[in-house]
Amino acid sequence: MNEPAVNRHDVNEPAVNRHDVSPLDTLAGLFEGEGSAEYLGEAVTQAEHMLQAGALAEAAGAPPHLVAAALLHDVGHFRGAVTGRDLMENGTDNRHSHTGADWLGQWFGPEVTEPVRLHVAAKRYLCAVEPGYFALLSEASVHTLAVQGGPMGEEQVRAFEAHPAAADAVAVRRWDEQAKDPDMDTPDFAHFRPLLAGLLRP
Numbered sequence: 001m002n003e004p005a006v007n008r009h010d011v012n013e014p015a016v017n018r019h020d021v022s023p024l025d026t027l028a029g030l031f032e033g034e035g036s037a038e039y040l041g042e043a044v045t046q047a048e049h050m051l052q053a054g055a056l057a058e059a060a061g062a063p064p065h066l067v068a069a070a071l072l073h074d075v076g077h078f079r080g081a082v083t084g085r086d087l088m089e090n091g092t093d094n095r096h097s098h099t100g101a102d103w104l105g106q107w108f109g110p111e112v113t114e115p116v117r118l119h120v121a122a123k124r125y126l127c128a129v130e131p132g133y134f135a136l137l138s139e140a141s142v143h144t145l146a147v148q149g150g151p152m153g154e155e156q157v158r159a160f161e162a163h164p165a166a167a168d169a170v171a172v173r174r175w176d177e178q179a180k181d182p183d184m185d186t187p188d189f190a191h192f193r194p195l196l197a198g199l200l201r202p
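For the sequence shown, the positions run 1 to 202 when the numbering used here is used.
FYI, nobody ran anything at the bench for these hints, they're computed from the structure.
Fair warning: this is a prediction, and the values are worked out from it, not measured in the lab.
Warning: the hint list may mix true and false statements.
Derived lysine to aspartate or glutamate pairs resembling DMTMM-like cross-links, with alpha carbons at most 20 Å apart [said to hold, decoys possible]:
(1) LYS180 / GLU32
(2) LYS180 / GLU38
(3) LYS180 / GLU58
(4) LYS180 / GLU42
(5) LYS180 / GLU34
Restraint-style ranges between C-beta atoms, simulated for each label pair [stated by the list, open to error]:
(6) GLY29 / PRO131: 24 to 34 Å
(7) GLU155 / SER22: 38 to 48 Å
(8) GLY61 / GLY109: 13 to 23 Å
For glycine and all other residues, C-beta sits at the position ideal for the given N, C-alpha and C.
Working from the sequences, and respecting the hints, build out all of it.
Right under this line is the structure:
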């Protein structure tokens, strides 16, 4: 599939966001701004979903890079020309996992960005290899699975398993699916700032 045309949210946006505003302030702005919108028909906002994923990773004792990946896994919904609404309403794959990973790469290393890049592939992988996983998906996740290519075939499964970040991506994907609870006590972005600061590139 051809990549969508760029717009103001593309990864090649003006340098002001990279140099005049700190990375953590830029990320905080996403959570506080666009993140307050509904999350693809789920019962939580986009920001609540990502914050819950980060909190679930933290509660599981995940290392900092994996907590960060869980927290930031869906930022690509804000950075590409094709929105999450397009994904749900028009069946257009916005490739948010790749867009988000590429954008985060200006600040974080591959230990953070590669699980983000692979978290959609991890859903397709789990649906192919784990009996019963499909039944755990929300209605919105079932819809996006079809748009994103459906369960993997055998060759795709082998290729995914060979990737160094596959296990981390699967972990992020599991937290992703759980992070849709409107009753969960969710920390705010400020809770994660020290952890993210420790992972920034020099």
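Hint by hint, here is what the structure shows:
Proposed proximity of LYS180 and GLU32 is supported: the alpha carbons are some 18 Å apart, at most 20 Å. A hinted pair counts as satisfied when its Cα atoms are at most 20 Å apart, and LYS180 with GLU38 qualifies at roughly 11 Å. A threshold of 20 Å between alpha carbons decides the hint, and for LYS180 with GLU58 the separation of about 16 Å falls inside it, so the pair holds. Among the hinted pairs, LYS180 with GLU42 is consistent with the structure: their alpha-carbon atoms are about 7 Å apart, no more than 20 Å.
For a cut-off of 20 Å, the pair hint linking LYS180 to GLU34 stands: about 17 Å separates their Cα positions. Taking 24 to 34 Å as the suggested C-beta distance range, the pair GLY29 and PRO131 does not conform, at roughly 42 Å. Roughly 43 Å separates the CB atoms of GLU155 and SER22, a value that falls within the hinted 38 to 48 Å. Remark: the range hint 13 to 23 Å for GLY61 to GLY109 is upheld by a beta-carbon distance near 21 Å.
Consistency note: the structure conflicts with earlier hint 6 alone.
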